[in-house]
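Using the working numbering, the first residue of the sequence shown is number 1, and each one after it goes up by one.
Incorrect hints may appear among the rest.
The calculated label-pair distances, taken between Cβ atoms and stated as ranges, are [claimed, not checked]:
#, residue 1, residue 2, range
1, Asp20, Leu65, 40 to 46 Å
2, Val83, Glu25, 21 to 27 Å
3, Arg94, Val71, 29 to 35 Å
4, Glu63, Pro119, 58 to 64 Å
5, Glu18, Lys121, 20 to 26 Å
6, Asp20, Gly42, 15 to 21 Å
7, Lys75, Asp20, 43 to 49 Å
8, Pro119, Lys57, 46 to 52 Å
9, Val43, Glu63, 31 to 37 Å
10, Glu63, Glu40, 16 to 22 Å
11, Pro119, Ser99, 28 to 34 Å
12, Lys97, Lys64, 23 to 29 Å
13, Lys76, Asp96, 37 to 43 Å
14, Lys12, Lys64, 38 to 44 Å
Under the rule of at most 27 Å between Cα atoms (straight-line distance), these lysine-lysine pairs were calculated in the DSSO-like manner [unchecked claim]:
#, residue 1, residue 2
15, Lys29, Lys8
16, Lys3, Lys67
17, Lys75, Lys23
18, Lys67, Lys12
19, Lys121, Lys29
20, Lys52, Lys68
21, Lys121, Lys52
22, Lys29, Lys75
23, Lys12, Lys68
24, Lys23, Lys76
25, Lys12, Lys52
26, Lys68, Lys23
27, Lys32, Lys75
28, Lys76, Lys12
29, Lys29, Lys77
30, Lys23, Lys57
31, Lys29, Lys68
32, Lys77, Lys32
33, Lys32, Lys8
34, Lys12, Lys29
35, Lys77, Lys12
36, Lys76, Lys57
37, Lys97, Lys64
Quick caveat, the hints were computed from the structure, so don't treat them as lab data.
Backbone N, C-alpha and C define an ideal beta-carbon position, used for all residues, glycine too.
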Amino acid sequence: MQKYVVVKLGGKQYLVQEGDTIKLERQPKPLKLDVLLYSEDGVIEVGESELKSVSVKASIVEEKLDKKVRVARFKKKSRYERVRGHRQPISIVRIDKISRSVAKGSIDNTEKKVKRSAPKKVITTARKVSKSSKEKK
1 MQKYVVVKLG GKQYLVQEGD TIKLERQPKP LKLDVLLYSE DGVIEVGESE
51 LKSVSVKASI VEEKLDKKVR VARFKKKSRY ERVRGHRQPI SIVRIDKISR
101 SVAKGSIDNT EKKVKRSAPK KVITTARKVS KSSKEKK
């Protein structure tokens with residue numbers, strides 16, 4: 001039973017399963033996860049903006065600084081060099097649980113019947129051109 005979701009967190013989208021850990025920019029303490037897509041055993045459910053029937057419980061494992069990024073400025077022939085470093089604050093988040101609430105009258109309970117029509121036949125006929133119509137032009 002493979003269950004995964006696509007969540008939007010911090011302006012970015014992540015594909016996660018239960019037990020996954022993700023590294024992202026520092027987030028405020030009460031995490032708000034918007035679920036965009038839910039999949040379980042090949043059945044995919046997509047929301048217009050977000051899915052209300054699916055909830056994801058996540059917890060912040062650690063907050064720390066990421067690896068240092070060097071930012072260098074250099075101008076040739078003038079002995080101008082500046083090197084600065086930056087460490088982005090990040091949060092390590094663990095996905096604890098993915099749960100789905102099924103409401104009465106949902107899509108799973110009442111399957112929509114798709115009406116399929118027969119393919120349309122295209123009939124093309126060649127028009128006969130007489131010599132007199134060619135001469136008039």
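Sort out which numbered hints this structure fails and list those numbers smallest first. 1, 5, 10, 11, 13, 14, 16, 17, 19, 20, 21, 22, 24, 27, 28, 29, 32, 35 and 36
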